[in-house]
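Q: Each protein sequence line maps, in turn, to chains D and A.
Reminder that position 76 of the first sequence reads as 75 in numbering that gives the first Met the number 0, one-by-one numbering, no gaps.
Reminder that position 298 of the second sequence reads as 297 in numbering that gives the first Met the number 0, one-by-one numbering, no gaps.
Misleading hints may appear alongside valid ones.
[Said to hold, decoys possible] Straight-line distance between alpha carbons at most 20 angstroms, and here's what the computed EDC-like set of lysine to aspartate or glutamate pairs gives: (1) D:K20 <-> D:D271; (2) D:K192 <-> A:D112; (3) A:K109 <-> A:E48; (4) A:K62 <-> D:D172; (5) A:K109 <-> A:E135; (6) D:K192 <-> A:E135; (7) D:K192 <-> A:E310; (8) A:K109 <-> A:D130.
[Said to hold, decoys possible] Pulled from the structure, derived: some chain A residues nowhere near chain D, Cβ distances all over 10 angstroms: (9) D8; (10) P117; (11) L301; (12) L314.
If you are wondering where the hints come from, they were derived from the structure by calculation, not from laboratory data.
Owing to the predicted nature of the structure, the values given are computational and were not obtained by experimental measurement.
Glycine included, each C-beta is placed from N, C-alpha and C at the ideal position.
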Amino acid sequence: MSAVAVVAATTDGPRVKRGWKVIVGGGLLGFLALFMLVGPLISGYDPNATDLDARFAGPSAQHWLGTDDLGRDLFTRMAVGGRMTMLIALGAVALASAIAIPLGLLTGYLGGWVDLAVMRVVDLFFAIPTLLVAIGIVGLFGPSFSTTLLALGLAFWPFYARLVRSAVVGVRDLAYTDAARVIGAGRWRIIRKEILPALLPLLIVQTTVLLGFAVLDEAGLGFLGLGVQPPDASWGSLLAQSRGFVLSHPWIGVIAGVPILLVVLGINIMADVLRDRLDPQGAST
Amino acid sequence: MTEPLLSIDRVSHEFGARRALLPGRRGHLAVDDVSLTIGAGESLALVGESGSGKTTLGRVVAKLLTPTGGTVQVDGRDVGGLRGRELLAYRRTVQMIFQNTQHAFNPRRKIRDILADPYEIHRLPAPDGRDAALGELMERVGLRASMLDRYPHQFSGGQRQRIGVARALSLGPRLIVADEPVSALDVSVQAQVLNLFSRLRRELGLSLLFISHDLRAVYFLCERIAVLYQGRLVEVAPRERLLEHPLHPYSRRLIAAVPGLGGRDSAEVSTADAPAAAPAAGGPATAAGCHYAATCPLHVQLGRPDRCLTERPALRATAGGSAVACHFAGDESPAPVPSVVTEEVR
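So that you can see chain D by itself, here it is in the shape it has in the complex (with noise of 0.2 angstroms):
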């Protein structure tokens, strides 16, 4: 009798979990994108327009987030500045695949003096902190959206290849890429047929996982009003400027602080979940 049911608990519990996982992060991640795309619609206002008579209203039915301290609508801002949010991140981790996913692979498949030299850049940047370089970076072109994403992308691609790379080494020396060699296989044919699709799940994985972080920096790098300039809004900007009014008006830091936290959370679940479906033994990466 218990044998039986802890044989149905051990069969069960995973896609368990795992539902109630894809439920808790698609969810959370759909209502965001949901409230990006159609929140300035539906709330009426002008993300920008300043209403100096309505400065930091509570929440309500007029402003259902509040207001700021020019009295411009938060719901509104904090939908657009996702949008911006989210384009940096998406960005600027299509940014660091693009560098990292073909420098990993070449390192990683033909090793020898480019492998070596590459690893030493990457050793480079490992010896400081992203944000670090990321600032370093926006101090050179002054900050903007563009150059949050660069930079972001820039401080990112490090961490990135030497994973791809340790991958690629992994699957190089597997018996089925020398069966291909001596099939006839070139270099090129190996990559694209044998040694990448063994790395997708991982890049797939990864690749979630770093959105998450790309948020967060770009959060970071704003709070620190290195990010997205006024007017304009991104989640980073708005915490930098909740910053001023903590103590007075701790509701506008808590608005801007905790849709970052729930994507994150939704991101993390995802790559979890897509972790668990892709690659089923855990072992492979």
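Position chain A relative to chain D; hints supplied.
A: Here is chain A on its own, set in the frame of chain D:
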């Protein structure tokens, strides 16, 4: 003898050779000055314990490794510097079959795609369409065309090894390097795969470089046997000759270790069966002398002659068709017994 299909000429391979240029580091000499030939349609076995360099030599022949010394020739032509089109032509001449059937196939690709690779890469003609060609290939190795849309993990080890044979055969090679093709299989399945090899050799006139530590499989399939010890060729002889009349003390020990085979002249090999220390890790310290001297019963019997420690034994031909790399082996043996096996199949 006519010109051999494949000749391995003084091939050496040292792992980490480049690193060994730095002071204080030494590479590992996996294959040490080995010369062998394989005639057209001939089947040669490479035997020896693990670490003896037999797999390395097989990979050199399949051009998965570039040897650090020596040359490999096919039809008298050095294949060392082949590139592009010529390398592809070499791939069509020499194919390889791998030991581990679990890892020899990309688990994410269907058998159809895996077997289609050679057709795509070499633009092989398929007069009745590729599907027909792939189906025929499957049937030639005893599988069904309907299995083409399965993934590798849906096959048993023996079936996968058949697919490995099919993949190699698709290019119509003249020589197949088989690296322990049956040692990972169940005994009952081993026989089937060995029979497949034997049939294909008969039907297609294939040459075979059969790498194995299983002397029974070797006896079944191969006409000549080459024994490797720590990267060096110690003896090469026709099958019957080697199994019934091994000359090198190491060959004797190897054969004595197989119950059914060693039994017949157990008296002769009993000394060879003396406790043999495992070879020192990292290989012998010096290239001079005989690698086997430290554990060689003959060396002891002869009162530890210095020659074994200072002079590397060269491979020398003896009566009866054997060639042996030992200063003393064969001198004390009785009159050679005429070999039962024909020397070579042409």
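Q: Taking the hints in turn, state whether each one holds.
A: So, going through the hints one by one against the coordinates:
Pair hint D:K20 plus D:D271 holds up; C-alpha atoms about 8 angstroms apart against a cutoff of 20 angstroms. Pair hint D:K192 plus A:D112 holds up; C-alpha atoms about 10 angstroms apart against a cutoff of 20 angstroms. Distance check on the hinted pair: A:K109 and A:E48 sit about 35 angstroms apart at the alpha-carbon level, beyond 20 angstroms; violated. Our distance criterion of 20 angstroms between C-alpha atoms is met by A:K62 and D:D172, whose separation comes to about 15 angstroms.
This hinted pair checks out: A:K109 and A:E135 have alpha carbons roughly 17 angstroms apart, not beyond 20 angstroms. The hinted pair formed by D:K192 and A:E135 fails the criterion: a straight-line CA distance of about 24 angstroms is larger than 20 angstroms. Restraint check for D:K192 and A:E310: the C-alpha separation of about 51 angstroms exceeds 20 angstroms, so the hint is violated. Taken as a hint, the A:K109 and A:D130 pair is honoured in the structure, with Cα atoms around 14 angstroms apart against an allowance of 20 angstroms.
Distance to chain D confirms A:D8 as a non-interface residue, since its nearest Cβ pair spans about 22 angstroms, more than 10 angstroms. Not every Cβ of chain D is farther than 10 angstroms from the Cβ of A:P117; the closest lies at roughly 5 angstroms, contradicting the non-interface assignment. At the 10 angstroms boundary, the C-beta of A:L301 stays outside the reach of chain D, the nearest C-beta of that chain being 44 angstroms off. With 10 angstroms as the threshold on Cβ separation, the claim that A:L314 sits away from chain D holds: the shortest Cβ distance comes to roughly 29 angstroms.
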